[in-house]
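Asks: Place chain B on chain A using the hints.
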Amino acid sequence: AQSVTQLDSHVSVSEGTPVLLRCNYSSSYSPSLFWYVQHPNKGLQLLLKYTSAATLVKGINGFEAEFKKSETSFHLTKPSAHMSDAAEYFCVVGYGNKLVFGAGTILRVKS
Amino acid sequence: IAGITQAPTSQILAAGRRMTLRCTQDMRHNAMYWYRQDLGLGLRLIHYSNTAGTTGKGEVPDGYSVSRANTDDFPLTLASAVPSQTSVYFCASSIRLNTEAFFGQGTRLTVV
Numbered sequence: 352a353q354s355v356t357q358l359d360s361h362v363s364v365s366e367g368t369p370v371l372l373r374c375n376y377s378s379s380y381s382p383s384l385f386w387y388v389q390h391p392n393k394g395l396q397l398l399l400k401y402t403s404a405a406t407l408v409k410g411i412n413g414f415e416a417e418f419k420k421s422e423t424s425f426h427l428t429k430p431s432a433h434m435s436d437a438a439e440y441f442c443v444v445g446y447g448n449k450l451v452f453g454a455g456t457i458l459r460v461k462s
Numbered sequence: 157i158a159g160i161t162q163a164p165t166s167q168i169l170a171a172g173r174r175m176t177l178r179c180t181q182d183m184r185h186n187a188m189y190w191y192r193q194d195l196g197l198g199l200r201l202i203h204y205s206n207t208a209g210t211t212g213k214g215e216v217p218d219g220y221s222v223s224r225a226n227t228d229d230f231p232l233t234l235a236s237a238v239p240s241q242t243s244v245y246f247c248a249s250s251i252r253l254n255t256e257a258f259f260g261q262g263t264r265l266t267v268v
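Chains A and B supply the protein sequences, listed in that same order.
Sequence positions in the first sequence follow the working numbering and run 352 to 462.
Sequence positions in the second sequence follow the working numbering and run 157 to 268.
Just chain A, with the same shape it has in the complex (with noise of 0.2 Å):
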């Protein structure tokens, strides 16, 4: 069965610093994979999307994503966080008909 797993689910840095989310994917052939944030109370958004053209994939406000098929990930960098990017973040995979959501991982940043 397919299946999506963020592996940590709460990450803490401090402002200015690099932000990894890490993500891994189990899938019989090339997926769509996407990152979406929300912010509390907010629904989703869409920050990226990986769709077989590019295997770095460049998303709004600073956020990339770069997919590893060898390692079956789609790890979500940030070269420096910034407060307002504290939120919650899910990694999403696309199979056949439906998206399937990891659990999520929820992002603090420290002054």
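Please keep in mind that the hints were generated in silico from the structure rather than gathered at the bench.
The structure presented is a predicted model; accordingly, all values stated were derived computationally and were not measured.
Certain hints may be false.
What the hints assert, rightly or not - Pairs of lysine-lysine residues, derived as DSSO-like cross-links and limited to a Cα-Cα distance of at most 27 Å, are as follows: (1) A:K420 with A:K409; (2) B:K213 with A:K409; (3) A:K449 with B:K213; (4) A:K419 with A:K393; (5) A:K409 with A:K461; (6) A:K420 with A:K393; (7) B:K213 with A:K419; (8) A:K449 with A:K420; (9) A:K420 with A:K400.
Replies: The following block gives chain B in isolation, referenced to the frame of chain A:
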């Protein structure tokens, strides 16, 4: 209307009552979805629709029904609410299945 609109934004419902959550999109997307979000579980798909007139079951369809009479509307009905259906419900749409989805602001439902 711009994007996806859900109504109501929140609701407290007595167990056993019937409830319909409304969802409307103005992007002319073919695919629509209903998810529930529960702490530690991420979002789980309840039902989806590939196009007007067709619907399908997701991971957790029991206790819920949907209809897709036209492109824009995708209501979710709880025929007889139970406390385990307390959750935040998100409606979403995409141009077609398995592509980037756009989400509504959510409906917070409490069944007591």
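Asks: Could you run down the list of hints and mark each one as holding or not?
Replies: Results for each hint:
1. Distance restraint check for K420 (chain A) and K409 (chain A): the Cα-Cα separation of roughly 17 Å lies within the 27 Å cut-off, and the hinted pair is therefore satisfied.
2. Between K213 (chain B) and K409 (chain A) the CA atoms are separated by roughly 33 Å; this puts the pair beyond 27 Å, and the hint is violated.
3. For the suggested pair K449 (chain A) and K213 (chain B), the alpha carbons sit about 10 Å apart, so the restraint of at most 27 Å is met.
4. For the hint linking K419 (chain A) to K393 (chain A), the alpha-carbon distance of about 30 Å lies beyond 27 Å, and the restraint is violated.
5. Restraint check for K409 (chain A) and K461 (chain A): satisfied, since their Cα atoms lie roughly 24 Å apart, inside the 27 Å limit.
6. With a C-alpha separation of about 32 Å, the suggested pairing of K420 (chain A) with K393 (chain A) is violated against the 27 Å cut-off.
7. For the given pair, K213 (chain B) sits about 31 Å from K419 (chain A) by alpha-carbon distance, which is inconsistent with the 27 Å threshold.
8. Only pairs whose Cα atoms come within 27 Å are accepted, and K449 (chain A) paired with K420 (chain A) is accepted, the gap being roughly 20 Å.
9. For the hint linking K420 (chain A) to K400 (chain A), the alpha-carbon distance of about 15 Å falls within 27 Å, and the restraint holds.
The earlier numbered hints that this structure contradicts are 2, 4, 6 and 7.
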